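Undergrad: Chains as they are written, first to last, in my numbering: chain C, 5 to 162; chain U, 216 to 393.
Please keep in mind that the hints were generated in silico from the structure rather than gathered at the bench. One or more hints might be untrue.
Unchecked claim - As a list, the in silico BS3-like pairs of lysine-lysine whose alpha-carbon atoms are at most 30 Å apart: (1) C:Lys72 x U:Lys217; (2) U:Lys369 x U:Lys279; (3) U:Lys279 x C:Lys81; (4) U:Lys389 x U:Lys329; (5) C:Lys72 x U:Lys317; (6) U:Lys369 x C:Lys72; (7) C:Lys81 x U:Lys254; (8) U:Lys329 x U:Lys305; (9) U:Lys317 x C:Lys81; (10) C:Lys137 x U:Lys217; (11) U:Lys305 x U:Lys238.
Claimed, not checked - Here are a few chain U residues that sit away from chain C, every Cβ distance over 10 Å (derived from the structure): (12) Met216; (13) Ala231; (14) Leu232; (15) Asn266; (16) Glu268; (17) Lys274; (18) Thr319; (19) Arg320; (20) Glu328; (21) Gly330; (22) Ser363; (23) Leu365; (24) Tyr368; (25) Leu384.
Values in this document were obtained by computation on a predicted structure and should not be read as measured data. Glycine residues also receive a C-beta, built at the ideal position from the N, C-alpha and C atoms.
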Amino acid sequence: MIISNFYRLAIIAFLMQWTLVHAQEAQPLQTNSAVEAQVQRLSEELRCLVCQNQTLADSHAGLAEDLKQEIRDMANKGMTDQAIIDYLVARYGDFVRYRPALNSTTLILWLGPFVLLLAGGIGLIFMLRRRQKISTDQPLSNDEARRVKELLDLDRKA
Amino acid sequence: MKSVLRALIPLAIFLALVGFLFKGLFLNPKEIPSPLVGKPAPQFDLPRLDNPEATFSPKEMLGKVWMLNAWASWCPSCVEEHPVLVELAKTGIVPIVGLDYKDTRPEALQWLEKGGNPYVAVAVDADGRVGIDYGVYGVPETYVIDKSGLIAYKQTGPLNARNLNETILPLVEKLQAQ
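One chain only, chain C, in its complex shape:
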C-alpha cells in the first residue's frame, strides 16, 4: 500500500514537472525589440490573404508566418513602415492593407459615408423647413376658439 502510494506520488510529480517543462512560452527568435515592435505594428495593419478577415498578427496560416518573417527581414534591414507596406502592396494589392489607402479606386469607400450623411442632412433640413411653413401663422377661428374653451372647461369640471 505504501509502495503504491509512493508510485502514485511519483507519477503525479512526474506529470507536474512535465507540464511545467512544456508550458514555457515560445521564445521569439529575434531579440531586437525595436524590430519586433515594428513587425508587431505592421502585422496588425496587414491582412492575411488566406484567411482574409484576420490580420497577419492574428493568423497562424503558413503564408502569414512567411510574410511575418519577410517583414522581420525587411525591418532588420532598416526599412521604414511605409517601404515595407509598399513592398507588400506591390505584390498583393491594396487588399493586403487592413486600412485601405486613399486612392482613386477607394475614393467611394472613404467619402461615400460622408456624402450620404451630407445628403441626408440636407434632406432633413428641407423637410423641417417645409413642415415649419405649414404649421406656423394659422390663428384659430372663433368657432375653434370656443370649442377649445368648452373642452378645457369640461376637463376642469371633471
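Since the structure of chain C is provided, determine the placement of chain U on it from the hints.
TA: Only chain U this time, still in chain C's reference frame:
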C-alpha cells in the same frame, strides 16, 4: 400622382440595394485583383526539380508566351487541376513552367511520376520567397506571361476546361500573334 411617386422612392432605393447585394452573392471574395498584371514578371533563379544543380530563370522564356503555374504536392485543388495541365501540355499550344511552392523534392517528384509531367521545367521554391514576389497566396495559381516578360493575366485557383477555353487560351492566342 406626385405623392404616389414620392412614396415609391424608398421602395426604389430598397430595390437598388437588393440589386447590389444580390450581385454580391455571386462575387468570389477569394478573387483578389493582382497588382502585377501588366508589370514585368519578377525575376528569380531557382534550382530545377529534375536537376538541383541547374537553375531556372524566367529570362529563359523571353520571346515566348508561357504560363507559370504555382503548385504543390500537398495542395488539394492541384489534384483537380493536374489532369487539365497534362492535357494542355499535350496540345503543345503553350509551354507551362511549374513553380513547386513550399514542397519537398521527393514528394514533388513522386507527384509528377504518378500524374504525368506537364511542365517544360519546374523551379523549386522551397521557402516560398519567390511565391511572395509573385503575390501567391494560395496554390494553385497560374500566370500568363507574354513575349516581353510582362504578366498578362493571373488565375487564382485551379485551371479547368471552362476558364482555359473562355479566357486563357484566347488570351494566349492573342499574345502569340503580337
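Undergrad: Quick check: which numbered hints come out false for this structure?
TA: 1, 3, 4, 11
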